[in-house]
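Student: Spelled out, the chains give:
2 protein chains.
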Amino acid sequence: MKLLEEKILKEGKVLSSNVLKVDSFLNHQLDVAFINELGEEFKRLFAKEPINKILTIESSGIGIAALVAQHFDNCPVVFAKNKAGINHDGDFFHTKVESFTHKCVYNVMVSKAYLHPGDHVLIIDDFLAHGHAVIGLMDIVHQSGAVLEGVGIAIEKASQMGGSIIRKKGVHLESLAIIESMHDGVIKFKDNC
Amino acid sequence: MKLLEEKILKEGKVLSSNVLKVDSFLNHQLDVAFINELGEEFKRLFAKEPINKILTIESSGIGIAALVAQHFDNCPVVFAKNKAGINHDGDFFHTKVESFTHKCVYNVMVSKAYLHPGDHVLIIDDFLAHGHAVIGLMDIVHQSGAVLEGVGIAIEKASQMGGSIIRKKGVHLESLAIIESMHDGVIKFKDNC
Numbered sequence: 001m002k003l004l005e006e007k008i009l010k011e012g013k014v015l016s017s018n019v020l021k022v023d024s025f026l027n028h029q030l031d032v033a034f035i036n037e038l039g040e041e042f043k044r045l046f047a048k049e050p051i052n053k054i055l056t057i058e059s060s061g062i063g064i065a066a067l068v069a070q071h072f073d074n075c076p077v078v079f080a081k082n083k084a085g086i087n088h089d090g091d092f093f094h095t096k097v098e099s100f101t102h103k104c105v106y107n108v109m110v111s112k113a114y115l116h117p118g119d120h121v122l123i124i125d126d127f128l129a130h131g132h133a134v135i136g137l138m139d140i141v142h143q144s145g146a147v148l149e150g151v152g153i154a155i156e157k158a159s160q161m162g163g164s165i166i167r168k169k170g171v172h173l174e175s176l177a178i179i180e181s182m183h184d185g186v187i188k189f190k191d192n193c
Numbered sequence: 001m002k003l004l005e006e007k008i009l010k011e012g013k014v015l016s017s018n019v020l021k022v023d024s025f026l027n028h029q030l031d032v033a034f035i036n037e038l039g040e041e042f043k044r045l046f047a048k049e050p051i052n053k054i055l056t057i058e059s060s061g062i063g064i065a066a067l068v069a070q071h072f073d074n075c076p077v078v079f080a081k082n083k084a085g086i087n088h089d090g091d092f093f094h095t096k097v098e099s100f101t102h103k104c105v106y107n108v109m110v111s112k113a114y115l116h117p118g119d120h121v122l123i124i125d126d127f128l129a130h131g132h133a134v135i136g137l138m139d140i141v142h143q144s145g146a147v148l149e150g151v152g153i154a155i156e157k158a159s160q161m162g163g164s165i166i167r168k169k170g171v172h173l174e175s176l177a178i179i180e181s182m183h184d185g186v187i188k189f190k191d192n193c
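So the sequences go chain by chain: A and B. Under my numbering, the first sequence has 26 at position 26, and the numbering climbs by one with no breaks. Under my numbering, the second sequence has 109 at position 109, and the numbering climbs by one with no breaks.
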């Protein structure tokens, strides 16, 4: 998506050959109008799927998923939690997710009340790198018996293989910008290579 | 706000005399259309303030803040983070927030790049109980030199005093539903008492 690529080139900061900071618009400060444009594009890409629920993971997926859901008939958003609180009763689906950013393994959970066999789920997240978060969410969708209709990612980093692993599973994965490389601070997108 | 009170009565679960679970629509699953109605109400309540930025805290404030921001001319949302990642460079405002839910103290941070003296900030959060999160965010706004225009909360629990402390500081605080008590599983709202 040209608009996202331009935004990344304008506002993104390459901190190393595999770390891109886009927190001016995507995951610390949120550019609400811009993220709605991403939502419109996701709707175009997943127009044929009967999506009735969006699943994401805390924290940085939540704002994006909430805005994107508006383009899918205001369907409910469920965000997986990575820690339990005192106000969690009842049954949960559990999975483990290794975090590249935080260098730890999270126990990720979704209440069984909010994912059912009748659901048609689109997973949304800000980044796809090694794919651990998305694969964890896919595991939760599988446990619930819901149908996984697809995965929508804002920025995929091709060098870290998560996208490749998920596509090989036959999942309909759409990444709005795919970064091929960031050598010497120069961002190259997949389309441009 | 009648609509929110009715939703709480219909979908909320009282887990103890001071724990209310509303994760069917507010902080695990998000009812996107409904939260937009809360956004409209916040806009009505803060119509006179020249708000140009919304500040919240991860995780459960994010989805609400992102949707609410649309009713404030799509102003940017900044969410305070409670852990550092590898892609955080630069300077941050820091504060400490005690979590009632998670029984710990978080180091909460906002990048100095996203809060400035010229900003007119509305703090948004899902719950107000003891007020630690909001008071921490107020501290960050103060450090930044921005103007705090107000605090908008979905559900305030009056028995836990956060609202009272914040109002005494002269802050324009609006809670869309104020719970007076939850004895024996019966929710009483402030207006009804």
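Each hint should be verified, as a subset may be incorrect.
Stated by the list, open to error - Cross-link-like lysine to aspartate or glutamate pairs, in silico, EDC-like; alpha carbons within 16 Å at most:
| # | chain 1 | residue 1 | chain 2 | residue 2 |
| --- | --- | --- | --- | --- |
| 1 | B | K21 | A | D191 |
| 2 | A | K188 | A | E11 |
| 3 | A | K21 | B | D91 |
| 4 | A | K13 | B | E41 |
| 5 | B | K83 | A | E40 |
Because the hints were derived from the structure by calculation, they are not lab data. In this text the structure is predicted, and so the values were computed from the model without any measurement.
Student: Now look at each hint and say whether the structure bears it out.
Tutor: Going down the list of hints, with the structure as the test:
A distance of roughly 46 Å separates the Cα atoms of B:K21 and A:D191; the hinted pair therefore is violated under the 16 Å criterion. The straight-line distance between the Cα atoms of A:K188 and A:E11 is roughly 15 Å, inside the 16 Å bound, and the hint therefore holds. A hinted pair counts as satisfied when its Cα atoms are at most 16 Å apart, and A:K21 with B:D91 qualifies at roughly 14 Å. Between A:K13 and B:E41, the direct Cα distance comes to roughly 37 Å. Violation of the 16 Å bound is thereby established for this hinted pair.
A threshold of 16 Å between alpha carbons decides the hint, and for B:K83 with A:E40 the separation of about 31 Å lies outside it, so the pair is violated.
Hints 1, 4, 5 from the earlier list are contradicted by this structure; the remaining hints agree with it.
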